[in-house]
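> Note that the numbering used here gives residue 69 to position 68 of the sequence shown, counting from 1, and the numbers run on in steps of one.
Think of the hints as simulated: they come from the structure by calculation, not from any bench. Treat the hints with caution; some may be incorrect.
[What the hints assert, rightly or not] Pairwise CB distance ranges, derived in the manner of DEER restraints: (1) Ser61 <-> Gly90: 31 to 37 Å; (2) Gln111 <-> Ala23: 32 to 38 Å; (3) Asp55 <-> Gly90: 26 to 32 Å; (4) Ala84 <-> Arg60: 32 to 38 Å.
[To be verified] Quick list of in silico lysine-lysine cross-link-like pairs, BS3-like style, CA-CA up to 27 Å: (5) Lys93 <-> Lys80; (6) Lys104 <-> Lys93; (7) Lys80 <-> Lys104.
For each residue, glycine too, the CB sits at the ideal point set by N, CA and C.
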Amino acid sequence: MDMSACIEACLNTHRLCSETAAHVLHGHSKEGHKETEHLVALLDCAQISIASVDFMVRRSPHHAHICAECAEICEACAKLCDAHPDPDGQMKRCAEACRQSVKTCQEMGQSR
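Starting from the given sequences, assemble the full structure and let the hints guide the process.
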């Protein structure tokens with residue numbers, strides 16, 4: 002697996018999840034708990050993505066474990082984005098970024 006592709010995917014996921022969290026915060030949805038769950042998932046995904054980048058850039062011996070966790074968290078986030086109303090396409094862009102990280106992080110996670 003090309004580590005640089007995984008780093009790039011995780012950086013993109015961090016950016017899009019952070020942007021989408023702001024999008025949810027500034028939206029006008031009245032979804033209550035569902036919105037809170039989605040926001041937490043977006044922030045979790047953004048943070049695990051940037052942590053994964055950090056572990057890979059430093060060539061930490063623990064990067065594979067972190068990437069495996071990142072894949073799991075990003076998949077959960079993508080599913081929530083898919084289920085969210087998406088009038089402007091932000092949720093779709095975020096879900097696509099998450100799924101790219103899932104793919105590359107699963108490959109990195111298998112290198113344990």
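> Between Asp55 and Gly90, does the C-beta distance stay in 26 to 32 Å?
Since Asp55 and Gly90 have Cβ atoms about 29 Å apart, the given range 26 to 32 Å holds.
> Take the C-alpha atoms of Lys93 and Lys80, compute the straight-line distance between them, and say whether it is at most 27 Å.
10 Å, holds
> Regarding the pair Lys104 and Lys93, is the alpha-carbon distance no greater than 27 Å?
17 Å, holds
> Holds or violated: Lys80 with Lys104, Cα cutoff 27 Å?
14 Å, holds
> Falls inside 32 to 38 Å, the C-beta gap from Ala84 to Arg60?
Holds, at about 37 Å.
> Quick one: are Gln111 and Ala23 within 32 to 38 Å, going by C-beta?
Since Gln111 and Ala23 have Cβ atoms about 33 Å apart, the given range 32 to 38 Å holds.
> Is the distance from the Cβ of Ser61 to the Cβ of Gly90 consistent with 31 to 37 Å?
Holds, at about 35 Å.
Taken one by one, the earlier hints all hold for this structure without exception.
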